[in-house]
Amino acid sequence: MLEFRLAWRNVWRNPRRTSLTVAATVFAVVLVVMSVGMAAGVHEKMIEDAVRYGSGHLSVTGEGYLENRTLEQFVHFDDEIEQQLRDTDGVRGYAPRVQSFALLARGNSTSGVAVFGVDPSLENSVSRFSERVRTGSFITPGGRRQIVLGQRLAAKLSAEVGDSLLLYSVAYSLETAYELFDVAGVMRLPDPNLDANLAVISLADAQDFFVYGDRVSEIAILTDEADSAADVARTLKATLRMEGPFEINTWDQIMPELVQFILLDDAGMYITVFIVVVVVGFGILNTVLMAVLERRKEFGVVLALGLRPAAVFRTVYFESVMLAGVGLVIGLAVGLPMLLYFQAHPIELTGGMTEVMELFGSEPVMTFKLKPLNPIGSTITIFALAIVAAFYPAVKASRGRPVDVLRSL
Amino acid sequence: MRDARKRRIGRKLWLWAVCAVSVALALPSAADSIDPSDSLDRLEPAPPDVDPRDVAIRAENSLRSDRTYMAAKMTIRSPRLSEPRVVEFRSWDDRPEKRSFIRIDAPAKDRGAAFLKLHPNLWSYVPRVERTLRIPPSMMLQPWMGSDFTNDDLVNESSSIDDYDHRMLGVDPGDGVAVDERAYVIEFIPHEDAPVVWGKIVAWIGVEHGTQLLQKFYDEDGEKMRTIGFAEIREVNGRWVPHHWEVTPHNKEGHSTTIEISEFRFDETFDEKIFTTRNLKQRN
Numbered sequence: 457m458l459e460f461r462l463a464w465r466n467v468w469r470n471p472r473r474t475s476l477t478v479a480a481t482v483f484a485v486v487l488v489v490m491s492v493g494m495a496a497g498v499h500e501k502m503i504e505d506a507v508r509y510g511s512g513h514l515s516v517t518g519e520g521y522l523e524n525r526t527l528e529q530f531v532h533f534d535d536e537i538e539q540q541l542r543d544t545d546g547v548r549g550y551a552p553r554v555q556s557f558a559l560l561a562r563g564n565s566t567s568g569v570a571v572f573g574v575d576p577s578l579e580n581s582v583s584r585f586s587e588r589v590r591t592g593s594f595i596t597p598g599g600r601r602q603i604v605l606g607q608r609l610a611a612k613l614s615a616e617v618g619d620s621l622l623l624y625s626v627a628y629s630l631e632t633a634y635e636l637f638d639v640a641g642v643m644r645l646p647d648p649n650l651d652a653n654l655a656v657i658s659l660a661d662a663q664d665f666f667v668y669g670d671r672v673s674e675i676a677i678l679t680d681e682a683d684s685a686a687d688v689a690r691t692l693k694a695t696l697r698m699e700g701p702f703e704i705n706t707w708d709q710i711m712p713e714l715v716q717f718i719l720l721d722d723a724g725m726y727i728t729v730f731i732v733v734v735v736v737g738f739g740i741l742n743t744v745l746m747a748v749l750e751r752r753k754e755f756g757v758v759l760a761l762g763l764r765p766a767a768v769f770r771t772v773y774f775e776s777v778m779l780a781g782v783g784l785v786i787g788l789a790v791g792l793p794m795l796l797y798f799q800a801h802p803i804e805l806t807g808g809m810t811e812v813m814e815l816f817g818s819e820p821v822m823t824f825k826l827k828p829l830n831p832i833g834s835t836i837t838i839f840a841l842a843i844v845a846a847f848y849p850a851v852k853a854s855r856g857r858p859v860d861v862l863r864s865l
Numbered sequence: 060m061r062d063a064r065k066r067r068i069g070r071k072l073w074l075w076a077v078c079a080v081s082v083a084l085a086l087p088s089a090a091d092s093i094d095p096s097d098s099l100d101r102l103e104p105a106p107p108d109v110d111p112r113d114v115a116i117r118a119e120n121s122l123r124s125d126r127t128y129m130a131a132k133m134t135i136r137s138p139r140l141s142e143p144r145v146v147e148f149r150s151w152d153d154r155p156e157k158r159s160f161i162r163i164d165a166p167a168k169d170r171g172a173a174f175l176k177l178h179p180n181l182w183s184y185v186p187r188v189e190r191t192l193r194i195p196p197s198m199m200l201q202p203w204m205g206s207d208f209t210n211d212d213l214v215n216e217s218s219s220i221d222d223y224d225h226r227m228l229g230v231d232p233g234d235g236v237a238v239d240e241r242a243y244v245i246e247f248i249p250h251e252d253a254p255v256v257w258g259k260i261v262a263w264i265g266v267e268h269g270t271q272l273l274q275k276f277y278d279e280d281g282e283k284m285r286t287i288g289f290a291e292i293r294e295v296n297g298r299w300v301p302h303h304w305e306v307t308p309h310n311k312e313g314h315s316t317t318i319e320i321s322e323f324r325f326d327e328t329f330d331e332k333i334f335t336t337r338n339l340k341q342r343n
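Chains as they are written, first to last, in this note's numbering: chain Y, 457 to 865; chain G, 60 to 343.
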């Protein structure tokens, strides 16, 4: 206990120096907490958006659909399949979709579009398209020949709600498929590519239009947790009784580039954090080393009086850990509320980062997320730092032979 | 003792038999994947005075005059269809003006549909909803009417003369491997700005009548994408013209499309009104 008190007194022996070191530690802790929180938040949001505007956490498709994406690859979707999906644990929502390519024309303007045929009563359990409608409404259950366009696509065709557009393509039966659709709504989608190319019609209309029967291109499935996607995929692969060959892919298999981006982004963040932590580590080392060197006489005396070197070693160590501990406590006290504040109030982005976010179909918003691992990790890092930084000064203090030390003064 | 040995020998023979049969089964399938007609080793050198470009021009002219009318039946075969889909159409091609018109007469569902190309645009008229749609130039290489022919094949947006460089590869002896008559084999390499997707086309053009006999289309990686064979070469107004065209895509198992031309009329005079968007909507 004596060593403890000694260490605490020594920490405040030079209050100005200690305050500066504590300030550096506080800065490092806040930076670590915020960076890790931001990365967690941004990545979670990106995954969430990509999943919600894409194929869900899981996508059940005909074999080879991901590589080819034509009407040739399909699965059948009927009441029986629906019942099986509903009975599977971990399935939060499912949405059957017909996806193909078509031309959409209004007057002399024609645009190639990605047609999504969705069931409006099921789609909301997976995607967020309906929340994105800015004018008009989403397609309504039971409504016929309604079409909802991305905002940029609508602008390209100068189409407005109520306009009648010609959709033109080749049906599964190799007939020419064409039909007039009324614009029910216009939606603003975060992904500019989707916004400029997506046209949503009802599943029933799509199956009529493409002469597709009860076939669908994919069944997008939302699971309870992003992490449980692989488990649910395995269960479904084993239990789903499907006519014809099918495959189930999880979101990270469907979007490997997103997973890679997240890994790369994380790596970049950890390198920055690492550099800051090392700089702060040298700050702590410097402070403790100075405190030791200016007390050589004192250590010489206590060692001469018979204090064991191990006790001196411990005193110096406690000093370093206390120094870091004070910084850590203040750092967390500042950083965590800040993180929680930004978690509740996401920052709207402008400039370069917006493009990256849009590239992955995410809204340009910087979100933060506090995960328990964040403060725990920061604590461990800072204490590890203090322990490493104090090693040399502590050895230096406890190793000195009293005679040499006293003579040198 | 002897029985055991016999059995062993018997088993050995059995193994050999299995091996032989499996090799025999494997061989023809291996031969399938390598098309012997792709090999250019059989070719004889071409006479040095034959200009491949002239041969290409002659082939183009045998199929197209400045103003050509034709009536044709297209048959689409696909594993998706229980029976082939048949489309009947008539076409008017005005080569100097780079415009053409196609009217669909059958099946009943598509009767009255029409296509009009006024360079560089393609217009499509759909009868049931009575709308005209502009098909952007980027869609030229999309399938036409669900067939294995492209829009470009039908409306001749690209020119086999102006959009390609021509290189003589040799003379095919006409031994039946690729074609049944002597033919110049010419490689068509598209110009960089040409509105085509192919990396190259290798064409067999008959020495005697100067008509296209066989065309193989390759993508930019040198992969064979489709083959068009021309048959039933008959004389019409002093020209030799193939009346049966068959396209086989190599990336779509079981798909093929044939066009059989029932009537050709060359060097016609066309009414200006044919090539108008108003004509698209006429029920003629």
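Keep in mind that a hint or two might mislead.
Stated by the list, open to error - Ranges between beta-carbon positions, derived for each pair:
| no. | chain 1 | residue 1 | chain 2 | residue 2 | range |
| --- | --- | --- | --- | --- | --- |
| 1 | G | R226 | Y | Y726 | 52 to 58 Å |
| 2 | Y | G669 | G | N120 | 45 to 51 Å |
| 3 | G | G258 | Y | E519 | 26 to 32 Å |
| 4 | Y | D534 | G | L140 | 22 to 28 Å |
| 5 | G | D326 | Y | G568 | 36 to 42 Å |
| 6 | Y | P648 | G | D326 | 48 to 54 Å |
| 7 | Y | D619 | G | K157 | 28 to 34 Å |
| 8 | G | D222 | Y | G568 | 19 to 25 Å |
| 9 | Y | D545 | G | E189 | 39 to 45 Å |
| 10 | G | E189 | Y | T596 | 53 to 59 Å |
Said to hold, decoys possible - Simulated coverage check for chain Y against chain G, where a stretch passes if three residues somewhere in it have a Cβ under 8 Å from a Cβ of chain G:
| no. | segment |
| --- | --- |
| 11 | 558-564 |
| 12 | 615-629 |
| 13 | 802-810 |
Claimed, not checked - From the structure, some residues in chain G lie toward chain Y, with a derived Cβ separation under 10 Å:
| no. | residue |
| --- | --- |
| 14 | L140 |
| 15 | A165 |
| 16 | S183 |
| 17 | T191 |
| 18 | M204 |
| 19 | S206 |
| 20 | P254 |
| 21 | H268 |
| 22 | R293 |
| 23 | R324 |
| 24 | R337 |
| 25 | K340 |
These aren't lab readings, by the way, just hints derived from the structure by calculation. Where is the CB? At the ideal position from N, CA and C, for every residue including glycine.
Tested hints:
Checked against the hint of 52 to 58 Å, the pair G/R226 and Y/Y726 passes, with Cβ atoms roughly 57 Å apart. Distance hint check for Y/G669 and G/N120: the Cβ-Cβ separation is about 47 Å, which falls inside the suggested range of 45 to 51 Å. Distance hint check: the CB atoms of G/G258 and Y/E519 are about 29 Å apart, consistent with the given range 26 to 32 Å. For Y/D534 and G/L140, the Cβ-Cβ distance of about 23 Å falls inside the hinted range of 22 to 28 Å, so the restraint holds.
Remark: the range hint 36 to 42 Å for G/D326 to Y/G568 is upheld by a beta-carbon distance near 38 Å. Separated by about 52 Å at the C-beta atoms, Y/P648 and G/D326 satisfy the suggested range of 48 to 54 Å. Roughly 33 Å separates the CB atoms of Y/D619 and G/K157, a value that falls within the hinted 28 to 34 Å. The beta-carbon spacing between G/D222 and Y/G568, approximately 23 Å, falls within the hinted interval of 19 to 25 Å.
Taking the beta carbon of each, Y/D545 and G/E189 are about 52 Å apart, not inside 39 to 45 Å as hinted. Restraint check, G/E189 to Y/T596: a C-beta distance of roughly 27 Å breaks the suggested window 53 to 59 Å. Only residues whose C-beta sits within less than 8 Å of a C-beta in chain G count toward coverage, and the segment 558-564 of chain Y has 3 of them, enough to reach three; the restraint holds. Interface restraint, the segment 615-629 of chain Y with chain G: holds (6 residues with C-beta to C-beta distance below 8 Å; minimum three).
Coverage of the segment 802-810 of chain Y by chain G is violated [criterion: at least 3 residues with CB-CB distance below 8 Å; count 0]. At a threshold of 10 Å, the smallest CB-CB gap from G/L140 to chain Y is about 6 Å, leaving the interface hint in force. The closest approach between the C-beta of G/A165 and any C-beta of chain Y is roughly 12 Å, which is over the 10 Å cut-off, so the hint fails. With its C-beta approaching chain Y no nearer than about 7 Å, G/S183 sits inside the 10 Å limit, and its interface hint holds.
Annotation: G/T191 was flagged as interfacial toward chain Y, and the flag holds, the nearest CB pair being 9 Å apart, inside 10 Å. At a threshold of 10 Å, the smallest CB-CB gap from G/M204 to chain Y is about 6 Å, leaving the interface hint in force. A least Cβ separation of about 8 Å between G/S206 and chain Y falls short of the 10 Å threshold, and the interface hint therefore holds. This hint is violated: G/P254 has a C-beta 16 Å from the nearest C-beta of chain Y, more than the 10 Å allowed.
Hint on G/H268 is violated. Least Cβ distance to chain Y is approximately 33 Å, over the 10 Å limit. The criterion of a C-beta within 10 Å of any C-beta in chain Y is not met by G/R293, whose closest approach is roughly 29 Å, and the hint is violated. Taking 10 Å as the C-beta cut-off, the interface hint given for G/R324 is violated, the closest approach to chain Y being about 27 Å. Hint status for G/R337 relative to chain Y: violated, with the closest Cβ pair at about 15 Å, above 10 Å.
Interface hint status for G/K340: violated, as the beta-carbon distance to the closest one in chain Y is roughly 14 Å, over 10 Å.
In this structure, the earlier hints numbered 9, 10, 13, 15, 20, 21, 22, 23, 24, 25 are contradicted, and the remaining ones agree with it.
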